[in-house]
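Participant: Chain residues, written in single-letter form:
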Amino acid sequence: MKRQIPLFITFFVGTLLIFSVFIPPMETLGENFTLFFDIIAVFAFFLGAGNLVRVHVSKLRKRKADWGFSIVTLIGFGFMLFVGLLKIGNPGGIAADVTAPGSWFQEMFNYVINPLQSTMYALLAFFVASASYRAFRAKNREATILLMAAFVILLGRTPLGMMLTAWIPDSLSIFQIPNMAVWIMNSFNLAGQRAILIGISLGVVAMSLRLILGVERTYLGGDDSG
Amino acid sequence: MDNIGVIISLILILGGLVTLLIRSLQAREVDRRIIFLFIFLAVAAPILFPMTFKEKATQVVKSVFDKIENLPEGSTVLLSFDFDPAMAPEVQPMANAISRHCFEKGHKIIFMSLWATGQALLSHSLSEFILPGFPEKENLVDYVSIGYKAGNEGVLNVIITDIQKMFPTDVNSVPLDSIPIFDNIESCKDLDFIMSIGGGKPGPKEWVLFVGDPGDVPVGVGVAAVVAPQMYPYYPGQIVGILGGVKGAAEYESELIRVHPRFAEMDTPGLRMMGPQTLAHVVIMAFIVIGNVVFFRGRRREKKE
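First to last, the sequence lines map onto chains A and B. Per my numbering, residue 1 is the first one in the first sequence, and the count goes up by one each step. Per my numbering, residue 1001 is the first one in the second sequence, and the count goes up by one each step.
Wrong hints could be hidden among the right ones.
Computed footprint of chain B on chain A, listed as stretches where at least three residues anywhere in the stretch have a Cβ under 8 angstroms from a Cβ of chain B [claimed, not checked]:
hint : region
1    : 4-14
2    : 143-149
Straight-line alpha carbon distances no greater than 16 angstroms define the calculated EDC-like cross-link-like pairs of lysine to aspartate or glutamate that follow [as the list claims (entries may be wrong)]:
hint : chain 1 : residue 1 : chain 2 : residue 2
3    : B       : Lys1056   : A       : Asp170
4    : A       : Lys139    : B       : Glu1302
5    : B       : Lys1105   : B       : Glu1153
6    : B       : Lys1189   : B       : Asp1213
7    : B       : Lys1165   : A       : Glu31
8    : B       : Lys1165   : A       : Asp170
9    : B       : Lys1067   : B       : Glu1104
10   : B       : Lys1105   : B       : Asp1192
11   : B       : Lys1189   : B       : Asp1162
12   : B       : Lys1189   : A       : Glu27
13   : B       : Lys1149   : B       : Glu1138
14   : B       : Lys1165   : B       : Asp1177
15   : B       : Lys1149   : A       : Glu31
16   : B       : Lys1165   : A       : Asp38
17   : B       : Lys1105   : B       : Glu1073
18   : B       : Lys1105   : B       : Glu1069
19   : B       : Lys1137   : B       : Glu1104
20   : B       : Lys1303   : B       : Glu1265
21   : B       : Lys1067   : B       : Asp1177
22   : B       : Lys1137   : B       : Glu1073
23   : B       : Lys1105   : B       : Asp1142
24   : B       : Lys1149   : A       : Asp38
25   : A       : Lys87     : A       : Glu107
26   : B       : Lys1189   : B       : Asp1216
Some chain B residues near chain A, calculated using beta-carbon distances under 7 angstroms [to be verified]:
hint : residue
27   : Ala1150
28   : Phe1287
29   : Val1289
These are computed hints drawn from the structure, not numbers from a lab. No residue lacks a Cβ here, since even glycine has one placed at the ideal position from N, Cα and C.
Produce the complete structure using the sequences and hints provided.
Facilitator: Here's what the structure looks like:
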């Protein structure tokens, strides 16, 4: 029984949502289900926050490796929650935008989160360069073609590409490097991306049908015996 | 002073690369720390000694520009900030340039975000970059921020038929039905243009799938460079145009300056960042060449032995 009920709910809601897409009078039903989803998602925030606190408090109590970072996490979490909920320093008061300029929440975002995340992402440039040096080698014909395409795209994404081929007349502008880069993106890349997209979409349809019809039951957990 | 700095930096970087190339002829591998050093120099030098290049908008970027340029005055444009600080250096310049362009043409803008981090970035953009250039623009009349709402694609699924159902108030708790911009806007179908700036999920792709296509609303996208290839299957049928990475932002800024010269006085981070991007790409290409020289020389040596 504990498996039949979830299977029935999945079948019922799944079928209803499919109908809501194709039958206009049922459109509102789909929207309402989306709103229910949002309400449920709010509880997920509480669960997430609770779990974060639980995991780090437990790490602190047991003095596990790197427990010092847990202190930073908990202080950061508590502080942001406090200044965000009470809108500390917010010039517009409690009803104003939580990210209003001047509020502590926004200041912390601008001067702590923003530079930290940007720095982490910027490190990628170093690893991309190192990986390109090691991996981009013309070992065979396919790799050589890929290498040539990469050069066109790399040059095409900079003004250098235009500077090198600016002498080419407008009637032959397709041979200007930036336009060649767009052509590669708009032909070879497009074909590959479409193939992947269609494949994924067919996979999603098949998986959704398996879920709705109860063929796929792994999401219920445990064994399949029912 | 800047020119001397640029010349010295270029000599250092190019000289170093030539030295490495000569070394590579002996099939000697390059230590990754040397690669890191070159990338650091390539990015830092054009920031310290600014290098500027002329840009010309490609068709994919120009399509977005022309769409906004040709909308009748007073049109309503929705601009969604679907990104985080990691992506911001690439895509925030696009958001700023497009907002300025819309304001310049007299369009009304509805700002929102599908990312929790987007609302803070939106607030920062508005107060620091967009509004200082347009002191006459009035909140709730010329623009409004309805902020972030959790729910990813679910949010789009609802606002395509009813915006107020998902966003009953703006970020300052003002009810949407009392905001003049929303007088004739009930759902996304009533918008004249939607521009989603981002690169992750939910983001531009979801705007196309859940709003643009089913609602028949023109959508333009501004994405991080790594995401741009994934957007091409939707162009030009389902999306008006694509701004890809810093290059897309720089092209948009150059087109904006060309058509509206007063923006030449404003900060153009996209164009500014093309210096570091150009040098970094040159360094990466040089290291690919060096890597291949090392590979072929090494293989030749192995065959001889």
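Participant: If a hint holds in the structure, say so; if it doesn't, say that too.
Facilitator: Now for the hints, and whether the structure bears them out:
1. With a threshold of 8 angstroms between beta carbons, the proposed coverage of the region 4-14 of chain A by chain B is violated, since 0 of its residues qualify and at least three are required.
2. Only residues whose C-beta sits within less than 8 angstroms of a C-beta in chain B count toward coverage, and the region 143-149 of chain A has 1 of them, not enough to reach three; the restraint is violated.
3. The hinted pair formed by B/Lys1056 and A/Asp170 meets the criterion: a straight-line CA distance of about 13 angstroms does not exceed 16 angstroms.
4. Among the hinted pairs, A/Lys139 with B/Glu1302 is consistent with the structure: their alpha-carbon atoms are about 15 angstroms apart, no more than 16 angstroms.
5. Between B/Lys1105 and B/Glu1153, the direct Cα distance comes to roughly 30 angstroms. Violation of the 16 angstroms bound is thereby established for this hinted pair.
6. Only pairs whose Cα atoms come within 16 angstroms are accepted, and B/Lys1189 paired with B/Asp1213 is accepted, the gap being roughly 10 angstroms.
7. Proximity of B/Lys1165 to A/Glu31 is assessed by CA-CA distance (about 9 angstroms); at most 16 angstroms being required, the pair is judged to hold.
8. Distance restraint check for B/Lys1165 and A/Asp170: the Cα-Cα separation of roughly 51 angstroms exceeds the 16 angstroms cut-off, and the hinted pair is therefore not satisfied.
9. Distance check on the hinted pair: B/Lys1067 and B/Glu1104 sit about 14 angstroms apart at the alpha-carbon level, within 16 angstroms; holds.
10. Taken as a hint, the B/Lys1105 and B/Asp1192 pair is honoured in the structure, with Cα atoms around 13 angstroms apart against an allowance of 16 angstroms.
11. For a cut-off of 16 angstroms, the pair hint linking B/Lys1189 to B/Asp1162 stands: about 9 angstroms separates their Cα positions.
12. Between B/Lys1189 and A/Glu27 the CA atoms are separated by roughly 15 angstroms; this keeps the pair inside 16 angstroms, and the hint holds.
13. Of the supplied pair hints, the one linking B/Lys1149 and B/Glu1138 is violated, its CA atoms being roughly 24 angstroms apart against a limit of 16 angstroms.
14. Annotation: proposed proximity of B/Lys1165 to B/Asp1177 holds, straight-line Cα distance about 11 angstroms (limit 16 angstroms).
15. Our distance criterion of 16 angstroms between C-alpha atoms is met by B/Lys1149 and A/Glu31, whose separation comes to about 15 angstroms.
16. A distance of roughly 12 angstroms separates the Cα atoms of B/Lys1165 and A/Asp38; the hinted pair therefore holds under the 16 angstroms criterion.
17. Only pairs whose Cα atoms come within 16 angstroms are accepted, and B/Lys1105 paired with B/Glu1073 is accepted, the gap being roughly 6 angstroms.
18. Simply put, B/Lys1105 and B/Glu1069 have alpha-carbon atoms about 7 angstroms apart, close enough for the 16 angstroms limit, and the pair holds.
19. Restraint check for B/Lys1137 and B/Glu1104: satisfied, since their Cα atoms lie roughly 10 angstroms apart, inside the 16 angstroms limit.
20. For the hint linking B/Lys1303 to B/Glu1265, the alpha-carbon distance of about 61 angstroms lies beyond 16 angstroms, and the restraint is violated.
21. This hinted pair does not check out: B/Lys1067 and B/Asp1177 have alpha carbons roughly 28 angstroms apart, beyond 16 angstroms.
22. Distance check on the hinted pair: B/Lys1137 and B/Glu1073 sit about 14 angstroms apart at the alpha-carbon level, within 16 angstroms; holds.
23. Annotation: proposed proximity of B/Lys1105 to B/Asp1142 holds, straight-line Cα distance about 11 angstroms (limit 16 angstroms).
24. With a C-alpha separation of about 9 angstroms, the suggested pairing of B/Lys1149 with A/Asp38 holds against the 16 angstroms cut-off.
25. A hinted pair counts as satisfied when its Cα atoms are at most 16 angstroms apart, and A/Lys87 with A/Glu107 qualifies at roughly 12 angstroms.
26. A C-alpha spacing of about 7 angstroms is found between B/Lys1189 and B/Asp1216, which places the hinted pair at or below 16 angstroms, so the restraint holds.
27. Satisfaction of the interface hint for B/Ala1150 is found here, the shortest Cβ-Cβ separation to chain A being roughly 6 angstroms, below the 7 angstroms cut-off.
28. Because the beta carbon of B/Phe1287 sits about 4 angstroms from the nearest beta carbon in chain A, less than 7 angstroms, this interface hint is met.
29. Restraint check, B/Val1289 versus chain A: the minimum CB separation of about 9 angstroms is more than 7 angstroms; hint violated.
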